[in-house]
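Visitor: Those sequence lines, one after another, are chains H and S.
Counting from 23, one number per residue, gives the positions in the first sequence under my numbering.
Counting from 525, one number per residue, gives the positions in the second sequence under my numbering.
Think of the hints as simulated: they come from the structure by calculation, not from any bench.
Heads up, incomplete: computed chain H residues facing chain S, CB under 7 angstroms, no partners named: (1) G64; (2) L65; (3) Q72; (4) Q124; (5) F126; (6) G127.
Beta carbons: idealized from backbone N, C-alpha and C, even for Gly.
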Amino acid sequence: DGGITQSPKYLFRKEGQNVTLSCEQNLNHDAMYWYRQDPGQGLRLIYYSQIVNDFQKGDIAEGYSVSREKKESFPLTVTSAQKNPTAFYLCATRLAGGPETQYFGPGTRLLVL
Amino acid sequence: GNSVTQMEGPVTLSEEAFLTINCTYTATGYPSLFWYVQYPGEGLQLLLKATKADDKGSNKGFEATYRKETTSFHLEKGSVQVSDSAVYFCALSDYSGNAGKSTFGDGTTLTVKP
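Pulled out of the complex, with its shape left as it was, chain H reads as follows:
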């Protein structure tokens, strides 16, 4: 059945390590987004992509990188340059062409060891 999967559910990062969060969708949506959520705060946009092989920085892109090689996939890498990576990361998709709803995955919680 259609949806968005994010893996893993929990991820642990060691000092100086890069980690990659997976986001896969079979909704055939064009646009994909990555958000960061900190406790008691709203969602902050990290990166977004409207079409394959193209993506743009959001409000807090520093220390993160993405790729969009396939329509179905939009992985997020948290690099060692991100000094405070502990957060809940949410992937979302949207059908392009208008003010449509965003659909969210279940999220990945990243913790630093």
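Please build the complex by placing chain S on the supplied structure of chain H, with the hints as guidance.
Guide: Positioned in the frame of chain H, the structure of chain S alone reads:
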């Protein structure tokens, strides 16, 4: 730029009480407005939406009316249940020249006690 301001939480109510969560917005275009709900440890899911002024969105007993004159989209429910305990986010999308981005409020945590 666009912005969304939600009433600060947390909000604690007894079962069957009336709920209002205030939301006001600032936008340069003609936005669509949304309420999303997030249950513990999960992603957000759409609760209701309205795409133009005076539209009323409704779902599961929740309602919100798009008020352009007051730039508001307040969420209401006549009788809350324990299962309504969650975080509620007001959001807008204004895709005119905005590259498909949405703007979210900070969220309001609702706890309903039996």
